[in-house]
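Enquirer: Quick note, the sequences are listed as chains A and B, same order. For the first sequence, my numbering begins at 148 and goes up steadily by one. For the second sequence, my numbering begins at 32 and goes up steadily by one.
In short, the hints are calculated from the structure, not lab data. Among the hints, erroneous ones may be present.
[Stated by the list, open to error] Covered by chain A, according to a simulated footprint, are these stretches of chain B (three or more residues, beta-carbon under 8 Å):
hint, segment
1, 104–115
2, 169–180
[As the list claims (entries may be wrong)] Just a sample of chain B residues kept apart from chain A, beta carbon distances all over 10 Å, derived:
hint, residue
3, Ala43
4, Ala71
5, Leu72
6, Glu100
7, Gly129
8, Leu146
9, Gly154
10, Arg184
11, Asp201
12, Arg219
13, Arg221
14, Ile225
15, Asp243
16, Thr267
17, Met277
18, Ala287
Note that the Cβ used here is the ideal one computed from N, Cα and C, for glycine as well.
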Amino acid sequence: MSGDWPLYEVFVRSRGGLEHRHVGSLHAADSRMAIEHARDVYTRRQEGVSLWVVPSTLIVASDPAEADALFEPARDKIYRHPTFYVIPDEVKNL
Amino acid sequence: MNADARADETQAHVRYVLRLADTSLILGQRLGEWIGHAPALEEDLGLANLALDLIGQARLLLSYAGELEGRGRDEDALAFLREAPQFLSVTLAEQPNGDFAHTITRQWLLDAWQLEMYQALAGCADPRLAAIAAKALKETRYHYRFSSGWLVRLGDGTPESRRRAQAAVDELWRFTHELFSPDETDERMRATGIAPDLAALEPSWSRRVDEDLRVATLTRPAAQPYAWHGKRGVHTEHLSHLLTEMQHLQRTYPGASW
Chain A
148 MSGDWPLYEV
158 FVRSRGGLEH
168 RHVGSLHAAD
178 SRMAIEHARD
188 VYTRRQEGVS
198 LWVVPSTLIV
208 ASDPAEADAL
218 FEPARDKIYR
228 HPTFYVIPDE
238 VKNL
Chain B
32 MNADARADET
42 QAHVRYVLRL
52 ADTSLILGQR
62 LGEWIGHAPA
72 LEEDLGLANL
82 ALDLIGQARL
92 LLSYAGELEG
102 RGRDEDALAF
112 LREAPQFLSV
122 TLAEQPNGDF
132 AHTITRQWLL
142 DAWQLEMYQA
152 LAGCADPRLA
162 AIAAKALKET
172 RYHYRFSSGW
182 LVRLGDGTPE
192 SRRRAQAAVD
202 ELWRFTHELF
212 SPDETDERMR
222 ATGIAPDLAA
232 LEPSWSRRVD
242 EDLRVATLTR
252 PAAQPYAWHG
262 KRGVHTEHLS
272 HLLTEMQHLQ
282 RTYPGASW
């Protein structure tokens, strides 16, 4: 039966102030049911304080075949990491 | 108040708490029967979560009833070692699961009733009962959201789901009269400021239920004023079958624990 239902992606915010993180997917007949299923499947052990559900068909994904073109060019640009600064001694807690 | 009157009062108090406890316990046990059989994995978990909430309410209420009674019976003794006529759950709770529409309809009718009850009891003169009701109210709000959502989905769904939902409403409606028919225990507890006026809760329940039926495109059956008496210990045969299964382990191996 649930095979007839569309797939939703589930995002859970574990605490106030943190971001919603993708935790998995589920089947539901409509968005209200998707929230209820997400609550019952993914937050029954107090994993979250907020939920997002998104129809999986609305997710636009990058093409694995294009991975080289998309991600390879960043590999040799290590200067983009903020690790080349000399931290003054006065700065604590960085 | 003389000793006899005080004993009567205590007995009514125990009976009143047992009614709430047993209704949650029996309904929770019924929902548990779906585990492994629900139409989808997500529904399996959803129904199990509802069942666990209800059994949790029953545990708090049974423990309290046992303390009020003062005869040394704890929650387990009350749940597993009473006979059917000593259970004071409303008759609707013990009705069999039937198809999914039956389960949802039974749940929805009782969720809407528990909403009214717990809302009223959360402010009652018995602080222990008020605290349990306040906790249960939060759970019940979700239960009602779940069951009313499904009622609408089934009623306003396919011709087949609509036919089944209307059949379930038609069959189970006759058990709703008991929910709002006060008897001497209700009246006695009402006089002490503990129990709400049952009849006064009915209009609000009725409005809620009517609105859900309207959205679900279902028809409210005619009133059927025959009062079932589950809350007085007079049950349909279904309760004995349920108890046979629920109490099997403690009856076979008394005192077993793990």
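Enquirer: Are the hints correct? Go through all of them and say.
Expert: Hint by hint, here is what the structure shows:
Counting residues of the segment 104–115 of chain B whose beta carbon lies closer than 8 Å to any beta carbon of chain A gives 0, which falls below the threshold of three, so the coverage claim is violated. Requiring three or more residues with a Cβ within less than 8 Å of a Cβ of chain A, the coverage given for the segment 169–180 of chain B holds, as 4 such residues are present. Consistency note on Ala43 of chain B: stated as away from chain A, and its beta-carbon is indeed over 10 Å from all of that chain's, at 37 Å minimum. With a least CB separation of 3 Å from chain A, Ala71 of chain B falls inside the 10 Å interface cut-off, contrary to its annotation.
Not every beta carbon of chain A lies more than 10 Å from that of Leu72 of chain B, the smallest distance being close to 7 Å; the non-interface claim is violated. Under the 10 Å C-beta cut-off, the non-interface status given to Glu100 of chain B relative to chain A holds; the minimum distance is some 34 Å. Its beta-carbon lying about 17 Å from the closest one in chain A, Gly129 of chain B satisfies the requirement of being farther than 10 Å from that chain. Residue-level check passed: Leu146 of chain B sits 17 Å from the nearest beta carbon of chain A, beyond 10 Å.
For Gly154 of chain B, the requirement that its beta carbon stay farther than 10 Å from each beta carbon of chain A is met, with the minimum near 27 Å. Its beta-carbon lying about 6 Å from the closest one in chain A, Arg184 of chain B breaks the requirement of being farther than 10 Å from that chain. Asp201 of chain B, annotated as away from the interface, keeps every beta carbon of chain A farther than 10 Å; the closest lies near 24 Å. At roughly 39 Å from the closest C-beta of chain A, the C-beta of Arg219 of chain B stays outside 10 Å, upholding its exclusion from the interface.
For Arg221 of chain B, the shortest C-beta to C-beta distance to chain A comes to about 36 Å, beyond the 10 Å cut-off, and the non-interface label holds. With a least CB separation of 33 Å from chain A, Ile225 of chain B remains clear of the 10 Å interface cut-off, as annotated. Distance check on Asp243 of chain B: its Cβ is at least 14 Å (rounded) from any Cβ of chain A, clearing the 10 Å threshold; non-interface status holds. For Thr267 of chain B, the shortest C-beta to C-beta distance to chain A comes to about 30 Å, beyond the 10 Å cut-off, and the non-interface label holds.
With a minimum CB-CB distance of about 23 Å to chain A, Met277 of chain B clears the 10 Å threshold, and the non-interface call stands. Every CB of chain A lies more than 10 Å from the CB of Ala287 of chain B, the least distance being 28 Å, so the non-interface label holds.
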